[in-house]
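A.B. asks: Letter by letter, the chains look like this.
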Amino acid sequence: ETGVTQSPTHLIKTRGQQVTLRCSSQSGHNTVSWYQQALGQGPQFIFQYYREEENGRGNFPPRFSGLQFPNYSSELNVNALELDDSALYLCASSLDGDPPLHFGNGTRLTVT
Amino acid sequence: AQRVTQPEKLLSVFKGAPVELKCNYSYSGSPELFWYVQYSRQRLQLLLRHISRESIKGFTADLNKGETSFHLKKPFAQEEDSAMYYCALSGYGGSQGNLIFGKGTKLSVKP
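Keeping their order, the protein sequence lines are chains A and B. The numbers in the first sequence follow my numbering, run straight up by one, and end at 120. The numbers in the second sequence follow my numbering, run straight up by one, and end at 532.
Looking at chain A on its own, in the form it has when it is part of the complex (with noise of 0.2 Å):
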């Protein structure tokens, strides 16, 4: 069974720049959730993924925009990346629309 795995683990992107960050989700799991973590602070909601459809967004704007594949998988884009942007980005997977059970290690996104 292989747990949450995400890619890249580290990325600096400039101001104005587009990143896409990839997560695969817990073997069998069905739904991902994407969460901003600033420093110091606690894990934002972004949103989830449940069979491929978005089932809840929090307070971001829309140039955070995400997907998810048939195998589960999921993607989160962020265009016109602003200097806030920079934070540990997390996916969790869960089974049907339940809270994150399992997190991945992040991607530390740098915008500069």
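Hint data in this document are derived by calculation from the structure and do not stem from the laboratory. Computed from a prediction, not measured in an experiment: that's the story for all the values here. All C-beta atoms, glycine included, are put in the ideal place defined by N, C-alpha and C. Warning: the hint list may mix true and false statements.
Interface residues of chain B toward chain A, partial, derived using beta-carbon atoms under 7 Å [to be verified]:
#1 R464
#2 L465
#3 L467
#4 Y507
#5 G523
Position chain B relative to chain A; hints supplied.
C.D. replies: Below, chain B alone, put in the same frame as chain A:
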């Protein structure tokens, strides 16, 4: 507004001492509360949720709706309990993935 407050940024206790990590919440409906833990160099993981009423690794947490609290307790702390602990609340919008996290409390258990 829905909010989770963990008033202590850092809590330091000696091994064998009781430990209580505080969590207060603000929510207009019937919340579901969780505790997540992150050990050093490991990923964030679910410790317990109030509806399961389990004791995990000796930790328990009781939901007190009158005081809007969900404090995490353990009678005898162990060094391996040293970690970052996050209290979380679900959730508006119909999606249980809408967890609202507190800022976390770092627990340090000294020998």
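A.B. asks: Please go over all the hints and tell whether each is borne out by the structure.
C.D. replies: Okay, the hints, checked on the actual structure:
Evaluation of the B:R464 hint against chain A yields a held restraint, the C-beta minimum of about 5 Å falling below 7 Å. Below 7 Å, beta-carbon pairs count as interface contacts, and B:L465 has one with chain A at about 4 Å; its hint therefore holds. With a cut of 7 Å, the hint placing B:L467 at the interface with chain A holds, because the nearest CB-to-CB distance is about 5 Å. Evaluation of the B:Y507 hint against chain A yields a held restraint, the C-beta minimum of about 5 Å falling below 7 Å.
The beta carbon of B:G523 is positioned within 7 Å of a beta carbon in chain A (closest approach about 5 Å), and the interface hint is therefore held.
Of the numbered hints given earlier, the model fails none.
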